[in-house]
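> Residue numbers (our numbering), protein chains in the order written: chain C, 481 to 769; chain D, 13 to 415; chain H, 438 to 779.
Just so you know, the hints here were simulated from the structure itself, not pulled from any lab data.
Keep in mind that the hints are not guaranteed to be accurate.
Reference listing, derived: stretches of chain D covered by chain H, where coverage requires no fewer than 3 residues with Cβ under 8 Å from a Cβ of chain H [claimed, not checked]: (1) 97–108; (2) 183–194.
Over the 10 Å line for every Cβ pair with chain C, so calculated as not near, a few chain H residues [to be verified]: (3) T613; (4) R621; (5) Q622; (6) S665; (7) R764.
Stretches of chain D that chain C covers, calculated by requiring three or more beta carbons in the stretch to come under 8 Å of a beta carbon on chain C [stated by the list, open to error]: (8) 226–239; (9) 255–269; (10) 342–350.
Cβ atoms here follow ideal geometry from the backbone N, Cα and C, with glycine treated the same way.
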Amino acid sequence: MNTQALFSQLLIGLINGAFYALLSLGLSVIFGLLNIINFAHGALYMMGAFVAYFLLQWAGLGYWAALVIAPLVVGLLGIVIERSMLRWLYQLDHLYGLLLTFGVALVIEGVFRNEFGSSGLPYTIPSQLVGSYNLGFMFLPTYRGWVVVLSLVICLATWYVIERTKLGSYLRAATENPTLVQAFGVNVPRMVTLTYGFGVALAALAGVLAAPIYQVNPLMGSNLIIVVFAVVVIGGLGSIMGSIVTGFGLGVVEGFTKVFYPEASNTVIFVIMAAVLLVRPAGLFGRAQ
Amino acid sequence: MKLARVLVLVLAAALAAGPAAAQISDGVIKIGVLNDQSSLYADLAGQGSVVAARMAVEDYGAEKKGMKVEIIFADHQNKPDVGSQIARQWYDADKVDVIVDVPNSGVALALNQIARDKGKALLISGAATADLTGKACSPNTIHWTYDTWALANGTGNAIVKTGGDSWFFLTADYAFGHALERDTEAVVTKAGGKVVGKVRHPLNTQDFSSFLLQAQASKAKIIGLANAGGDTTNAIKQGAEFGIVRGGQNFAGLLVFITDVHALGLPTAQGLIMTETFYWDMNDKTRAFAKRFAERDRGIHPTMIHAGVYSAVTHYLKAVEALKGDDGTKVIAKMKETPTDDPLFGKGTIRADGRKIHPAYLFEVKKPGESKGAWDYYKTRATIPAEQAFRPVDQGDCPLVKK
Amino acid sequence: MTKPGGGEARTSVLDPGALGPASPATAPERVAEWPAHHLAAFGVMVAVLVAVPFVRQIYPVFVMKALCLALFACAFNVLIGYVGLLSFGHAAFLGAAGYASAHAAKVWGFPPEAAILFGTVAAGGLGAVIGTLAIRSRGIYFANITLAFAQMIFFFSLQATFTGGEDGIQSVPRGTLLGVFDLRQTTTMYFTVLVIFLLGFLVIYRAVHSPFGQVLKAIRENEPRAVSLGYRAEQYKLIAFVLSATLSGLAGATKAIVFQLASLTDVHWTMSGEVVLMTLLGGLGTVFGPVAGAFILIGLENYLAQLGAWFTIVQGAIFVVCVLIFRRGVVGELGRLLRKPL
Chain C
481 MNTQALFSQL
491 LIGLINGAFY
501 ALLSLGLSVI
511 FGLLNIINFA
521 HGALYMMGAF
531 VAYFLLQWAG
541 LGYWAALVIA
551 PLVVGLLGIV
561 IERSMLRWLY
571 QLDHLYGLLL
581 TFGVALVIEG
591 VFRNEFGSSG
601 LPYTIPSQLV
611 GSYNLGFMFL
621 PTYRGWVVVL
631 SLVICLATWY
641 VIERTKLGSY
651 LRAATENPTL
661 VQAFGVNVPR
671 MVTLTYGFGV
681 ALAALAGVLA
691 APIYQVNPLM
701 GSNLIIVVFA
711 VVVIGGLGSI
721 MGSIVTGFGL
731 GVVEGFTKVF
741 YPEASNTVIF
751 VIMAAVLLVR
761 PAGLFGRAQ
Chain D
13 MKLARVLVLV
23 LAAALAAGPA
33 AAQISDGVIK
43 IGVLNDQSSL
53 YADLAGQGSV
63 VAARMAVEDY
73 GAEKKGMKVE
83 IIFADHQNKP
93 DVGSQIARQW
103 YDADKVDVIV
113 DVPNSGVALA
123 LNQIARDKGK
133 ALLISGAATA
143 DLTGKACSPN
153 TIHWTYDTWA
163 LANGTGNAIV
173 KTGGDSWFFL
183 TADYAFGHAL
193 ERDTEAVVTK
203 AGGKVVGKVR
213 HPLNTQDFSS
223 FLLQAQASKA
233 KIIGLANAGG
243 DTTNAIKQGA
253 EFGIVRGGQN
263 FAGLLVFITD
273 VHALGLPTAQ
283 GLIMTETFYW
293 DMNDKTRAFA
303 KRFAERDRGI
313 HPTMIHAGVY
323 SAVTHYLKAV
333 EALKGDDGTK
343 VIAKMKETPT
353 DDPLFGKGTI
363 RADGRKIHPA
373 YLFEVKKPGE
383 SKGAWDYYKT
393 RATIPAEQAF
403 RPVDQGDCPL
413 VKK
Chain H
438 MTKPGGGEAR
448 TSVLDPGALG
458 PASPATAPER
468 VAEWPAHHLA
478 AFGVMVAVLV
488 AVPFVRQIYP
498 VFVMKALCLA
508 LFACAFNVLI
518 GYVGLLSFGH
528 AAFLGAAGYA
538 SAHAAKVWGF
548 PPEAAILFGT
558 VAAGGLGAVI
568 GTLAIRSRGI
578 YFANITLAFA
588 QMIFFFSLQA
598 TFTGGEDGIQ
608 SVPRGTLLGV
618 FDLRQTTTMY
628 FTVLVIFLLG
638 FLVIYRAVHS
648 PFGQVLKAIR
658 ENEPRAVSLG
668 YRAEQYKLIA
678 FVLSATLSGL
688 AGATKAIVFQ
698 LASLTDVHWT
708 MSGEVVLMTL
718 LGGLGTVFGP
728 VAGAFILIGL
738 ENYLAQLGAW
748 FTIVQGAIFV
758 VCVLIFRRGV
768 VGELGRLLRK
778 PL
């Protein structure tokens, strides 16, 4: 057994898993509070990468500025989407939310594809993170290592905020019984809006992280979103820790499959999802509703 | 960037009298440029091919000769179903007489069949698969600029001769990649090398990390890139991140265009060896063409695909003028009978199997210090004479070739 | 104040009951007993479609594409409009049938009617397998599980050798129908497709406006009550699923013969999204809605084809507008205006 091949693919899998985790975290947070499956998540991730690209091209602002600005800009856009469109759907079946966000995703992707075509635009790795470490079994590009570290930090910080702080407790309470929480004086609609904005900002942050390695490309979101759906469902819709663990975990599983059974590496996540849905419909970490 | 459907250049109000116009269907020669306008092959073909086609029509003096020529274009998005639908609509409903370019061998093969079924003409400059003049050869198609056999023969042989005798293939998973991998593998094994592994990647892959790691694990001396355009440049760029060259391996770009070198930059691309059939800086005529082309196409210098479109359209118009008609099958036959001559490829011929013959060149990308400026990227390593550049006519299993 | 989402209390999805007057309570046995407005609309539809090859300006191949996709949308509508289940993976049936029929025609030399039949049956079989596994879920979970299975079919199609991957199965022969009709003639092919479409349409109409259809409606409105009345809800839903899959397969198999190509586009999830849009735009749960939706969408696609990604943008915009303010769809609104369900 080729250990070099195994470890290097597992490491790549971990890096992919970092993106799965970040994106499914945002999706989970949004679903938990809004009960909406945000199909536009992939498109907003892509916008995060493009904002980083624009900042570099037009304003000369590099990666570090983009890490802060892009999520804010896209988060704001998310707030606009929620206020203008999503909030009319809360009384309806939440599949309408899926269809609306699907439409939003198509519009965003179409606009960018019109302007920029469908092959990638280059975004250079920030100079502080160029180079690679010789790990023996492979050269690990420094930047990719950074991606894993930063994603972990952000995921754990989000989990901490939601599960261990007062703000998080309001959020969790509002998920269970919004009327009661509103009665206690908490402005629930505003919390809902800000939550959507936050979830979307997480996606944009993932986009900035992805820009130097996955190329800035209008299709980058749609390729990823279907897989992320599967991740969220496996982890349990609405479960924060579930998304994080499942995201990283499935990335590693994918890497593992690439070594032993490469043809199945595309489908393994979906097979797992189908199996989980049949056996434990609420997901591995989800609460049965 | 994106233009709406444009019907351009209805040349000549004055119709030449009588017979000349009468046998050309509806009195108009309609040329359709079908290629990838928005994805990974947009730079090496794309709008540049439309520009090349227009230049060919103008340089030919169609207007003065009283021929009405229209050029339209469309984006096949690298999908055979999209390409097929456009081709059908063009041939059936929009009275297009000839379709040119068509990079993406999968789409080209689909169109090859459609043109044959409808008796129309197809001039391929962009697609690579040598099957177009092999098992899929057709009396309605001419394969112009280059093909996978020529690439394998040129680059493959040269690299094995310089010591690259163990190969790992990174292949685009569709008709083109399969053909290029097959033809190069044959050359490598014949020259005494061996292929230690292969992996296929989807078309338009953005992240090559897992494929590159497999290539590294194979310890092959040469990583053969059986892909093109954005796929090739991404693989090379990411290869640098993963220390491919530092680890002692080298890339063999089996299909590289000058636009790719431009995108990569000389520091990354230097030393790459490739086979092409045209370079803008070879002689005064090509330089003059490149200058005019660059003025019309945002400063970009023509790739061999653009040159091929120019050459093919020129020869097509010659044949139509001589025939005084534009029936697809007849024009193709006429084009095969007539030797070719244009400023870009010089003199050449077209064989019975539809293969256009001209010399091929082995180029090497200059080091940054050797280049005098933008687009000055190649030095010529060798010239492969026309008779040796392409697969011998009797080896292709083409039914049109009498044994 | 708004409570986001509705929890799982509601088992049905996108309740078309809210969309307008319900379908007639009686099950028509003979054409003469069909409601007059349905008969009239059907007559208009047939008349228009028959006239197409004789109108110079219309390109019959375009209408054939629209007919295949209209059948696909009608089949999809069975599931969403009458059972209340949103499948986000219906492209699997369209595309798989296309590959099956293309392979049968090209490699096994089947005549077109046999190839299409083979493709249809293959889709039905696939529907039975996926349906059995998926029917236990509802709502979002059902949508997700159908999406998962469709993705598996997509990646299988990408990697299997017989499907040709990115290149697809090309040069599929049109053949001679029943040994008599040469399908390479556009007009002959057109009428064949029209007959197939009308057949599929009538099968769906009959199934839905029948006692079987009534039970489906009961299940959609209140499943526990239907079960308590003795109906095996799971079985009914499964039968509807297989019916929907089979007729989607008929559409896909025919499309592969018409275009002589089976490709990845027909198994990609964006095709699943398109059929949802067609049905939504036309009118969920209406009889003629999916047909209208398909024709409108294909027309738009043709018109916008040269304008880069504008079609995608327009599709997205239509989704948004329909979900927000046009949930009944074109035919649904028309039906409401005429006060007769269409």
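> Which hint numbers doesn't this structure obey?
Checked against the structure, the hints that fail are numbers 7, 10, while the rest are satisfied.
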